[in-house]
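Asker: Chains A, B and C, in that order, give the protein sequences. For what it's worth, the numbering used here labels the leading residue of the first sequence as 1, then goes sequentially. For what it's worth, the numbering used here labels the leading residue of the second sequence as 1, then goes sequentially. For what it's worth, the numbering used here labels the leading residue of the third sequence as 1, then goes sequentially.
What the hints contain is simulated information worked out from the structure, not anything from laboratory work. A couple of the hints might just be wrong.
Straight-line Cα separation of at most 30 Å, DSS-like style, residue types lysine-lysine; simulated pairs [stated by the list, open to error]:
id: 1; chain 1: C; residue 1: 87; chain 2: C; residue 2: 97
id: 2; chain 1: C; residue 1: 66; chain 2: C; residue 2: 195
id: 3; chain 1: C; residue 1: 97; chain 2: C; residue 2: 43
id: 4; chain 1: B; residue 1: 95; chain 2: C; residue 2: 169
id: 5; chain 1: B; residue 1: 88; chain 2: A; residue 2: 58
id: 6; chain 1: A; residue 1: 58; chain 2: A; residue 2: 95
id: 7; chain 1: B; residue 1: 141; chain 2: C; residue 2: 195
id: 8; chain 1: B; residue 1: 58; chain 2: B; residue 2: 95
id: 9; chain 1: C; residue 1: 97; chain 2: A; residue 2: 146
id: 10; chain 1: C; residue 1: 195; chain 2: A; residue 2: 95
id: 11; chain 1: C; residue 1: 169; chain 2: A; residue 2: 141
id: 12; chain 1: C; residue 1: 122; chain 2: C; residue 2: 43
id: 13; chain 1: B; residue 1: 95; chain 2: A; residue 2: 58
Simulated DEER-style distance windows between Cβ atoms [what the hints assert, rightly or not]:
id: 14; chain 1: C; residue 1: 92; chain 2: B; residue 2: 148; range: 55 to 63 Å
id: 15; chain 1: B; residue 1: 87; chain 2: A; residue 2: 128; range: 33 to 41 Å
id: 16; chain 1: B; residue 1: 145; chain 2: A; residue 2: 146; range: 31 to 39 Å
id: 17; chain 1: B; residue 1: 138; chain 2: A; residue 2: 81; range: 30 to 38 Å
id: 18; chain 1: C; residue 1: 77; chain 2: B; residue 2: 38; range: 25 to 33 Å
id: 19; chain 1: C; residue 1: 93; chain 2: B; residue 2: 177; range: 38 to 46 Å
id: 20; chain 1: A; residue 1: 125; chain 2: B; residue 2: 44; range: 22 to 30 Å
id: 21; chain 1: A; residue 1: 169; chain 2: B; residue 2: 31; range: 31 to 39 Å
Chain C residues, not near chain B, derived (Cβ > 10 Å throughout) [unchecked claim]:
id: 22; residue: 31
id: 23; residue: 109
id: 24; residue: 117
id: 25; residue: 120
id: 26; residue: 126
id: 27; residue: 134
id: 28; residue: 192
id: 29; residue: 202
id: 30; residue: 212
id: 31; residue: 235
id: 32; residue: 238
Note that the coordinates shown come from a computational prediction; the quantities given were computed from them, not determined experimentally. The beta-carbon is built from N, C-alpha and C at its ideal position, and this holds for glycine as well.
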Amino acid sequence: MIPDENLESLFEAPPMAEQERMVEALLFASSAPMSLREIEARLPHGCAPAEALVHLGKRYEGRGVALRRIDDAWAFRTAPDLGFLMQKEQVEHRKLSRAAIETLAIVAYHQPVTRAEIEEIRGVSVSRGTLDMLIELAWVKLGRRKMTPGRPITFIVTQTFLDHFGLETPRDLPGVRELRAAGLLDNRPPPGTLLPEMEAEDEDQEDMFE
Amino acid sequence: MIPDENLESLFEAPPMAEQERMVEALLFASSAPMSLREIEARLPHGCAPAEALVHLGKRYEGRGVALRRIDDAWAFRTAPDLGFLMQKEQVEHRKLSRAAIETLAIVAYHQPVTRAEIEEIRGVSVSRGTLDMLIELAWVKLGRRKMTPGRPITFIVTQTFLDHFGLETPRDLPGVRELRAAGLLDNRPPPGTLLPEMEAEDEDQEDMFE
Amino acid sequence: MPDDFMQEQNEINARRAAEALVVDVEGFEGPLDVLLLLSRTQKVDLRQVSILALAEQYLVFVEEAKRLRIELAADYLVMAAWLAFLKSRLLLPPDPKDEGPSGEEMAAHLAFQLERLEAMRKAAARLMARDQLGRDFFLRGQAEIYTRKKTIRYEANLLDLMQAYARIKTKEDFEPLHYQRDSIFTMEQALERMKGLIGEAIEWGELSQFLPEAWRNDPKRRRTAIASTFAAALELVKEGRMEIRQYDNFAPLQLRQRAAP
């Protein structure tokens, strides 16, 4: 009798408490909700996942995590009343990229200025994104078209720009000579960065913002 | 009285049972371990997550999912005895070379350890790729420089390593106590070379495991 | 016939076993690894292993590799030389004038190294046998990604703006950096010079003695001369024409001609 019983127990389903643990682990690790059939396929032979799910659902009642039915599948989800913990409002401060700040400076000092002129002054091409971004920030806007062949569009700075930088008019911007006199030019960038090829590369690789 | 109590409760930490739910939800939602500080930052003001974690750990004892401590961080992981159910979730592990496994073990047991020390222990030079690969797997990272001539860089194991091997701290490495007692984790220089700095540094290592 | 076949097979097996250690040199992780494997043939606790016997076994291994014309990496040969030296120390009565470590100390350290390597091997195996994440236990399959309400605010102040402009407007002021090549003593120059000098360097002499006269005083010139002379010396050591030694960390480097073998 004993060998027989042993043999039978080999094919017997694990106790319900064990089945519950198994379903719990399966649903936890699964990357998508699992249907009853999928759960059953993963459990040892003879298991009754439907019953295990009932027990499991009860166990998680009122907890921070709930067993949820989604269509005909099951998954764990954090309790809806705790959703606020998962959210986090963030204000991220980012510095303008070098390409953006240089473009902005050229617009401010030379306005109204065309894209071709900006490129000539910077010595590198200006990516579309750079000007778009400055326009989106409402620091630069479109000015009148220039009365030269092709009637290119010009760019000018906005009132928002003046407010942000604490200027009354664009004419308040100090000139290069004043900058030098004020010692603001002593902070020279390393010579290598001034090679035009490197800057061109810079602009390609660099994200808009650093 | 009632309005007063309400006002006070606005600024009081939620009851412990509620804090436990919150920590449960947070850790359930995250796949990476969360440090006590990270948990605290997400909870309402005045919560005591350390205590909530103790309650939570007890609650999950013997379940299909377990609360695990990894260094100073916490995470839910499925119970190891149910791994057989999870074939589908198993990720293909790159088979590590013998050199990589040995190097990893040496870093784990001897950390912080320099490249030269690894080579001294294995009696063979460490190929560049070996350490690079362990670093890429995020199992090994750079530690502090050693205060010996040349100030060589040291290597230590990461939280990802501990998480991967189910270790709470490097102290839980298998057999580490016996190895230490047998003097096999000593940094014993070859006879004839006396490097007092190395001995001083050894104290650091002891700190790690004490 | 089957008997013949068996015998032949046995001979092949015996030969293979004898050669296995040598032929499999590719599979070894360095000389310590070989020593560790050889020590197992002694069937004793690593702490009681006979280092003398081990040294002999290793030397046989290297001889055998040479006989089979198997190219051994340099560190195998360095170990062979060291073990031959150790063997002589262990066999000869200690010389009281000798200050170096005794043969026993050296042998004890080697035994320690072997024991430590063996211990790390076992530790590595135990580590890999542990339950592993993604194989035996698993993380949350469907992490609920935090919804982040992200507001980006861009920052730039007037100073940034002005400096950016100044940077553009003063580009022409900058010159690309050129190294002043005239105060560099090149490796080629040093090598040329050293080749002329080694004939006279029979006794040990400090590196500084090999610097050209004109490069000894000015610190900048001296630095470049030291660097290139050292590099040139290493090159000559590699070619087997010089020897180099240093007694302690930061002690002066000493060079001399290497006597013809």
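Asker: None of the hints should be skipped; say for each whether it holds.
Answerer: Consistency of the hints with the structure:
no. : hint                        : in the structure
1   : C:87 <-> C:97               : holds (19 Å)
2   : C:66 <-> C:195              : violated (33 Å)
3   : C:97 <-> C:43               : violated (37 Å)
4   : B:95 <-> C:169              : violated (57 Å)
5   : B:88 <-> A:58               : holds (27 Å)
6   : A:58 <-> A:95               : violated (51 Å)
7   : B:141 <-> C:195             : violated (45 Å)
8   : B:58 <-> B:95               : violated (36 Å)
9   : C:97 <-> A:146              : violated (96 Å)
10  : C:195 <-> A:95              : violated (57 Å)
11  : C:169 <-> A:141             : holds (23 Å)
12  : C:122 <-> C:43              : holds (17 Å)
13  : B:95 <-> A:58               : violated (42 Å)
14  : C:92 <-> B:148: 55 to 63 Å  : violated (35 Å)
15  : B:87 <-> A:128: 33 to 41 Å  : violated (50 Å)
16  : B:145 <-> A:146: 31 to 39 Å : violated (59 Å)
17  : B:138 <-> A:81: 30 to 38 Å  : holds (35 Å)
18  : C:77 <-> B:38: 25 to 33 Å   : violated (54 Å)
19  : C:93 <-> B:177: 38 to 46 Å  : holds (42 Å)
20  : A:125 <-> B:44: 22 to 30 Å  : violated (52 Å)
21  : A:169 <-> B:31: 31 to 39 Å  : violated (54 Å)
22  : 31                          : violated (6 Å)
23  : 109                         : violated (5 Å)
24  : 117                         : violated (6 Å)
25  : 120                         : violated (5 Å)
26  : 126                         : violated (4 Å)
27  : 134                         : violated (4 Å)
28  : 192                         : holds (31 Å)
29  : 202                         : holds (27 Å)
30  : 212                         : holds (28 Å)
31  : 235                         : holds (21 Å)
32  : 238                         : holds (17 Å)
In summary, the numbered hints that this structure violates are 2, 3, 4, 6, 7, 8, 9, 10, 13, 14, 15, 16, 18, 20, 21, 22, 23, 24, 25, 26 and 27.
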